[in-house]
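Heads up: the protein sequence lines correspond to chains G and U, in order.
Residue numbers for the first sequence follow the numbering used here, beginning at 1 and rising by one.
Residue numbers for the second sequence follow the numbering used here, beginning at 1001 and rising by one.
In case anyone wonders, no lab produced these hints; they're calculated from the structure.
Examples of chain U residues toward chain G, derived with CB under 7 Å:
#	residue
1	L1070
2	T1076
3	D1086
In silico lysine to aspartate or glutamate, EDC-like type, Cα no more than 20 Å apart, as pairs:
#	chain 1	residue 1	chain 2	residue 2
4	U	K1222	U	E1250
5	U	K1033	U	D1114
6	U	K1329	U	E1156
7	G	K44	U	E1066
8	U	K1338	U	D1310
9	U	K1291	U	D1311
10	U	K1353	G	D168
11	G	K61	U	D1089
12	G	K175	U	E1167
13	G	K284	U	D1208
14	G	K284	U	E1167
15	U	K1058	U	D1260
16	G	K61	G	E195
17	G	K359	G	E370
18	U	K1222	U	E1157
19	U	K1291	U	E1066
20	U	K1329	U	E1187
21	U	K1297	U	D1115
22	U	K1271	U	E1327
23	U	K1058	U	D1044
24	G	K184	U	E1167
These numbers were taken from a predicted model, which means no experiment stands behind them.
For every residue, glycine included, the Cβ atom is placed at its ideal position computed from N, Cα and C.
As a plain string of letters, each chain reads:
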Amino acid sequence: MKNKSTKVINKPLQAKKVPSFLVSISAVILGVIAGSILILIIGKNPIVGFERLLFGAFSNKRRIGNTLSMSTQLILMGLSFSFAYKTGLFNIGGSGQMLMGGIVSTILGHYLPSSLPKPVYIVIVVIGALAIGGLWGLIAGFLKAKFNVHEVVSSIMLNWIAYWLVYDFIPRFVKDQAIAVKSKPLDFSRTLGLEWLRKATGMSTLNLGFLFAIIACVVIWFILEKTTLGFNLKAVGANKYCAEYAGIKIQKSIMISMAIAGALAGLAGLTYYCGYSNLMEMGKMPNEGFDGIAVALLGNCSPIGVFFAAIFFGALKMGKGSLAATGIPTELADTIIATIIYFTATSVIIASFWNKIYKKRYEKKKAKLEGEEKK
Amino acid sequence: MKKTIALALALLLCFSVFAQGAAETKTETPALKVGMVTDSGTIDDRSFNQGTFEGVKKAAEEFGLECTYLRPSGTTTTDYVTAITDLYDAGYRFIACPGFLFADAVAQVQAMYDDLMLVIIDDALSAGIGANSVAVVFKEHESGFLAGLATALKLEEGSVGFLGGMEIPSVQKFNWGFQQGVIYANENYGTKITMDPSNFVYSGSFADIALGQQIANTLFSKGVDAVFCAAGTTGVGGLNETKNRALSGENVWAVGVDVDQYYEGDLGNGKSCILTSAMKDVTGVAYDMVKAAVEGKFPGGTLLTLGVADDRAGIPASNPNLTPEIEAKVAEVAALIKAGTVVVRDNGAGLIK
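Excised from the complex, chain G in its bound form:
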């Protein structure tokens, strides 16, 4: 005991700051508590409710596979948003970039010769999805860099351009004769699905995309933490005037950042429309673009945080069906998600709450030490 206190004295004595993951976990716990209260209010048992939620997400191989496959696009969309966010940009155009990635891969899937070996095919569609998504992000980045058009405005507009392009391209290139509002379903061999993986997970939709998402997490972490480019981008995000003064080219940084963010979202389009699903629908803006923002916020915009936040959201999304089957409205799962987002968005309050606790503890310790010194 005495040893320990002397150790503390040797270090500069100051209150600890709360680690960001604790804030995220607090947000989740508060969200779950709020959800439980909601379930109680409508007269159901929250424990049964959450048991069903977990059952729906993880009860067997197929459900685990589906949860991971649902999380895949959330990981990529979360990464996309976080990457731009690190450069001080708010990429709300994820949905459009995702749609473009999806439509290009769908068209490639239908038009590339079926004799093409699968590995080559996969490489081509991945490059296609990355390129078009990157281009879609780059347009917003270019407008921001050259003409100072706010990226929120331009990327929302680009969302609608993508939406209507998809609306036109589906009937033009990949029309389904039977159902007029969907694209022709892709043959299983032309999706990211793998036969052995599908069999191993009891016919789930888990596909190569999940591997891509993990690779993307590692690559993004590497770019942000270990390269000059990452340092430059973060510097621009922290203070762009300061970065400019230090000789960093802001315009270039903005364009690169948006292009990489767009490429990640484009890849999400590939994993969603040619992995999780095997067709595209007309007139449907994917929610993942907005869910990605929540994932990024909950994951504190770090690749590892995004990974786990996305799996958490994926589990909620996958499990809410089973939750609803007990008579608890599906909307409740959405409400819980929304509550968690709310608590994350107000993370400043949670952080200051934890910091206060740390400070109190520190003051107690300090008073105790001072008391000992006086003796």
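Given chain G, put chain U in place with the hints provided.
Same frame as chain G, but now just chain U:
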């Protein structure tokens, strides 16, 4: 820090113990449980989903069954399959799926479970109807026809327009039937209703209220007197525009779709701008199917094509905006359709779009 983690872990442990207990208590489910999965719309869409669920619920209450609905997390086949599986795993053995979007999902699921009774509405399951599935389609052209006839008789003179959702068979059939009804009235009852091709518009969406309102605004500005709004939520925008104009004193009308939309056009003074509605009786069909399932007479493996002759398509029983004479005339023609004397075509040959 360590304490916090320990606390969290302890909570998690307690939680999982409870969860385990909860799981063990509910295993046996002898009674039939009936469920429904919503399509891209919501349960309160005052149209397809709501109509179907009302039928399921009515039957469930009557026979004392447990019933619920599920909103899938998305609108892809995978999402629908997951939703149906969720209900199945919770003990539901009768599931109604309103909408053609379910076609692939139902085709997949019917192969997975032998003891699950599935009803798909608005799709003929061209890939094959499973032994335990029922596919229900409606003769939309017949109810469109009667609505067109009623509209023409009410207006006597003027111009009509059409606001559609996506250009898909069920919407097109409404449109074609509507036009045939108007033509029939012009030929047999001496009405003078004109139809301009530019007033027949497909908005391309079932979910865009603002777009529906804009299109209806354009149509009315061009002198249309009544618009047939067959466009889901987009159509509600059309109804709203009609309502606004009717409130400001214009003599304009809208024709509703799928269910009786009379109260959608409520003007706040006990009147409505909804002339009539071209209905498909999803509520009745859903009720019949649950009833058949309870009585063990579920017609698995069949395709039901329902129209005026089955009393599952047509206009509402009461239309406060139509005079008794008009209603009598419409009923007369409905009887002719039933008898097969009047045949409504389900294709657009010679018609607008």
